[in-house]
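Chains as they are written, first to last, in this note's numbering: chain H, 1 to 308; chain X, 309 to 869.
No lab work stands behind these hints: they were computed from the structure. Just so you know, even glycine gets a beta-carbon here, dropped at the ideal spot from N, CA and C. Any given hint could be a false lead.
Said to hold, decoys possible - The following label-pair restraints were derived from C-beta to C-beta distances:
#1 G64/H - V744/X: 28 to 34 Å
#2 N853/X - A52/H: 56 to 62 Å
#3 L153/H - R721/X: 41 to 47 Å
#4 D471/X - P14/H: 39 to 45 Å
#5 P169/H - G675/X: 57 to 63 Å
#6 A139/H - D471/X: 42 to 48 Å
Stated by the list, open to error - Short, incomplete list of chain X residues facing chain H, as computed with Cβ under 10 Å:
#7 L363
#8 L367
#9 G450
#10 G453
#11 A526
#12 G540
#13 E543
#14 W556
#15 P572
#16 D573
#17 A577
#18 I586
#19 V704
#20 L733
#21 E735
#22 D740
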Amino acid sequence: MAAYVFQRLLWTVPVLLAVAAITFALMHAVPGGPWDRSKQLPPQAVENVDHAYGLDRPLPVQFGDYLLGLARGDLGVSFRSHNRPVSDILADGIRVSGTLGLLALALSVVVGVTLGVAAALWRNSAIDYATVVFSTAAASVPSFIFGMLLLVLFTANLHWLPSGGWGTPEQAIMPVLALSALPAAYIARVTRASMLDVLDQDYVRTARAKGLRENVVVLRHMLRNALIPVLTIVGPLAAMLVTGSFIVEELFAIPGVGRTFVTSVSSRDYGVIMGTTLFYTFVVVVANLAVDVLYAIVNPRIRYDSYG
Amino acid sequence: MRLSITWLRPLALAMALAAVTAGLACGGGSDGSVTNELSPNQELRVRIAGDPSTLDPQLAAFAEEISIVKQLYRGLFTYDQNLNVLPAVAAEVPTIENGGIAADGLTYTINLRPDATWSDGVPVTANDFVYAFQRLFDPAAGAQGYYFDFYTSISGAAEFAYDEGGSADGVGVTAIDDDTLQITLAEPKPTLPELLALWPAVPLRQDVIEAHPDDWTAPSNFVGDGPFVLAGYAEGDQITLEANASYWGGDEPTLQTLVYKIIPDDSAALVAYQNDEIDMTSIPAPDASRFEGDAEQVRFPQLETYAIQYNTQEAPFDDPTVRQAISRAIDRDAYVSVVRGGVGTPTTSWLPANMPGGDPSAGQGLGYDPEAARTLLTDAGFPDGDGFPTFTMTIVDDETNRTTAEFLQEQLRVNLGIDMQIETLDESAFYDRYQVGDFQVTWSSWFADYADPDNWLPQQFGTEGGFNVLGYSNPQVDELFAQAATEQDREERLALYDRAHKLILKDQAVTPVFHPDTNYLVKANVAGLATTALDAAPGDWFTTNVRILQMGDSVPPASKP
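Start from the sequences and build out the full structure, keeping to the hints where you can.
Structure below.
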């Protein structure tokens with residue numbers, strides 16, 4: 001197991017290199033650069049600023065230089081944010097988006113699994129229908145519509161919650177709700193379906209025949225197996241949630257890394273584009289690895305000893 | 309997902325705004341009346357849409373940057389509400405009569421107020437200006453921003469800035485003593501006092517910048533000479549300014565705190581305004597008609613012109629008659645009422661009427677007249693639009709620009725029978741092409757940096773003009789610009805620009821369509837807002853005038869327990 005994890009982690013390096021190369025090539029291939037804005041910088045100033053940031057050198061040299069910096073942990077500076085180091089921007093943004101994402105993940109897992117299990121156990125009951133309605137509605141309404149509805153209700157009309165910002169628990173309520181609606185719906189559907197799958201399995205019948213109490217049957221024999229497909233989707237969902245949502249962060253004025261990423265792309269802030277993309281890659285790789293490890297813990301039939 | 313955003317977004321906005329409007333009608337918490345007493349909490353909260361790229365006054369160029377920097381520094385001069393130049397750090401505005409300007413217009417001798425100080429108590433001296441100008445032009449200092457070339461008529465500046473054998477010491481800004489600054493010019497620049505009232509020309513502290521070269525604009529290192537100091541900056545969240553305790557200007561602010569809240573989303577900003585989290589926010593153009601006439605609306609004209617722009621080098625738009633036909637085919641009144649919710653002034657003039665040298669009747673001979681438009685197009689060889697090639701209007705992709713392009717497309721189809729395609733690009737991609745004139749037709753605006761045609765004509769329409777992306781060239785116009793550039797008599801100078809302006813309009817180098825208004829919601833208890841036509845945010849030249857009044861007693865609604 002440890003060897004497997006180590007091997008997978010080693011693979012992260014070539015993956016990050018490939019992503020770095022592709023991102024670098026794409027962002028320089030897109031028309032427009034960081035100084036192409038609604039006000040025109042005099043040509044002399046463009047020359048000086050290009051030189052100051054090394055943008056006047058050939059692209060392969062710039063890329064090589066970037067990789068050397070990366071190896072030293074230097075991600076460069078932002079062109080648009082008074083030369084702030086990209087590592088500072090990322091650190092601040094990740095802390096905010098990560099907190100928001102983990103809260104949303106926790107809420108969506110709790111709500112999703114609970115609703116899914118309840119819907120499967122009391123199939124065709126009111127709670128089942130309610131779950132189906134919730135998961136369809138929450139999956140179809142985009143987060144900015146849902147977020148806007150929350151803003152209108154709780155801020156504009158009731159004046160209960162602040163419109164946005166980050167730092168107090170009140171400020172987290174609406175963004176967490178807006179962010180977790182879709183994953184909760186998704187988890188509820190998958191949980192319900194896989195619970196129904198295991199409902200009639202032989203081992204469940206055996207467990208009942210042994211005279212085990214119903215909650216032991218549900219928790220230990222059914223849920224543990226039913227959670228494997230759920231885990232498969234929680235990995236990518238976790239990666240998606242902790243890397244920040246541009247729409248939710250923009251709507252609720254949250255200084256997170258999702259907003260940073262989209263803003264950096266439209267402003268051609270090269271260092272920030274590279275930094276955020278590599279961070280996303282890393283999170284996705286780690287989340288997938290975590291899911292694979294969790295499989296083995298949840299399901300004893302899965303082993304990685306023979307890997308490689 | 310991308311597709312659904314495009315069409316669902318307006319729906320979400322509509323829903324939100326319906327609620328916001330309903331909320332405004334019923335008020336929030338207080339009975340809405342304002343007393344004449346000052347509130348104990350002298351704090352003004354202004355919404356900005358994003359982080360400023362910089363707080364270095366020499367690099368500041370975009371609305372939020374300019375608006376903040378103006379509070380932090382005072383230069384030699386400032387403006388009154390009618391944009392006349394007033395002394396700030398200077399003791400008086402130099403003129404030929406008072407001996408401040410030499411008869412040849414090449415030497416300015418400016419006496420400084422001896423009591424002007426920095427926020428750390430150190431006196432502001434002539435050397436602080438000398439250092440600032442040397443830094444502004446220095447190719448290696450990283451401070452050459454959008455505006456250094458406003459000041460290259462200063463002797464030695466161009467040579468230094470363009471690396472043509474100049475040096476910092478060769479720049480014609482010198483300290484005669486602590487309280488006397490001398491500026492020598494290579495050529496007369498009649499608008500120099502106006503330019504010296506702008507934010508890039510403020511003094512800077514050499515010792516502070518050299519001690520903290522990378523973060524001298526951080527709150528912990530900040531030293532300014534303006535009415536406010538930078539007290540805090542939470543990235544992506546808010547910027548806090550506080551009244552400068554050692555401010556010397558005689559216009560000490562009543563406000564204790566100025567907060568710039570960063571709220572990227574326009575609709576969320578309206579909700580924040582409604583929830584009393586901010587005191588002012590702009591009204592987005594697509595929602596203008598909803599708030600028209602609202603008691604908290606603050607609306608006033610700004611020095612800005614939107615125009616159709618042509619690549620005048622390429623057929624069919626190399627023919628002035630074609631451009632004149634297009635000008636006569638656009639119903640500008642309909643445009644302002646349909647697309648802009650009635651906010652703004654339809655125009656046929658490039659220079660706004662409230663600009664010195666502006667003339668409201670300019671270009672009116674080429675106003676909306678579909679009949680005349682068709683005749684002109686026939687004269688150009690395209691009767692009923694026959695044989696006119698399909699062409700493309702390239703625009704920055706945003707909601708208002710798309711609506712605008714669709715409106716113009718329809719006008720040209722109906723009135724001239726010609727077919728226009730629309731191409732949308734993101735901002736960087738658009739300006740990458742715009743700057744080199746890589747377009748057939750586009751839609752763009754020019755916003756005044758200072759109130760003089762000097763800022764509005766030669767750079768845009770001169771054959772060698774730095775912003776002439778149109779490929780426009782008229783020797784008569786160039787000749788008038790050359791005369792105006794050094795003409796010392798103001799009336800004569802404005803008359804020369806007026807003649808050039810009218811030639812440009814006759815040629816329809818651009819087709820002016822409308823002048824926008826600044827359109828904001830401002831809380832009723834914000835008093836003393838003094839606006840100008842050069843505001844980046846309402847009243848930001850006169851923040852020292854603003855005071856917060858006490859609201860009337862809260863009347864709890866009867867329905868609540």
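Structure-based check of each hint:
Look at G64/H against V744/X: about 30 Å separates their beta carbons, and that is inside 28 to 34 Å. Here the CB-CB span from N853/X to A52/H is close to 39 Å, at odds with the stated 56 to 62 Å. Distance hint check: the CB atoms of L153/H and R721/X are about 44 Å apart, consistent with the given range 41 to 47 Å. A C-beta distance of roughly 44 Å is found between D471/X and P14/H, which places it inside the suggested range of 39 to 45 Å.
Checked against the hint of 57 to 63 Å, the C-beta distance between P169/H and G675/X comes to roughly 59 Å, which is consistent with it. At roughly 60 Å, the beta-carbon separation of A139/H and D471/X lies outside the given 42 to 48 Å, and the hint is violated. For L363/X, the interface hint holds, since its Cβ comes within 10 Å of a Cβ in chain H; the closest pair sits about 7 Å apart. Of the supplied interface hints, the one on L367/X holds, with its beta-carbon coming within about 9 Å of a beta-carbon of chain H, less than 10 Å.
Of the supplied interface hints, the one on G450/X holds, with its beta-carbon coming within about 5 Å of a beta-carbon of chain H, less than 10 Å. This hint holds: G453/X has a C-beta 6 Å from the nearest C-beta of chain H, less than the 10 Å allowed. Taking 10 Å as the C-beta contact cut-off toward chain H, the hint placing A526/X at the interface holds, the least distance being around 9 Å. Here the hint on G540/X is broken, as its CB sits about 13 Å from the closest CB of chain H, past 10 Å.
Residue-level restraint check for E543/X holds (minimum Cβ-Cβ distance to chain H is 6 Å; threshold 10 Å). Annotation: W556/X was flagged as interfacial toward chain H, and the flag is violated, the nearest CB pair being 28 Å apart, outside 10 Å. Satisfaction of the interface hint for P572/X is found here, the shortest Cβ-Cβ separation to chain H being roughly 5 Å, below the 10 Å cut-off. Look at D573/X: its Cβ gets to within about 5 Å of chain H, closer than 10 Å, so that hint holds up.
Look at A577/X: its Cβ gets to within about 8 Å of chain H, closer than 10 Å, so that hint holds up. For the restraint placing I586/X at the interface with chain H, the shortest Cβ-Cβ distance is roughly 9 Å, inside the 10 Å limit, so the hint holds. At about 8 Å, the closest approach between the beta carbon of V704/X and any beta carbon in chain H falls short of 10 Å, and the interface hint on this residue holds. Hint status for L733/X relative to chain H: holds, with the closest Cβ pair at about 8 Å, below 10 Å.
Interface restraint check for E735/X: the shortest CB-CB distance to chain H comes to about 7 Å, inside 10 Å, so the restraint holds. About 4 Å separates the beta-carbon of D740/X from the nearest beta-carbon of chain H, less than 10 Å, and the hint is met.
The structure does not agree with the numbered hints 2, 6, 12, 14 stated previously, though it agrees with the rest.
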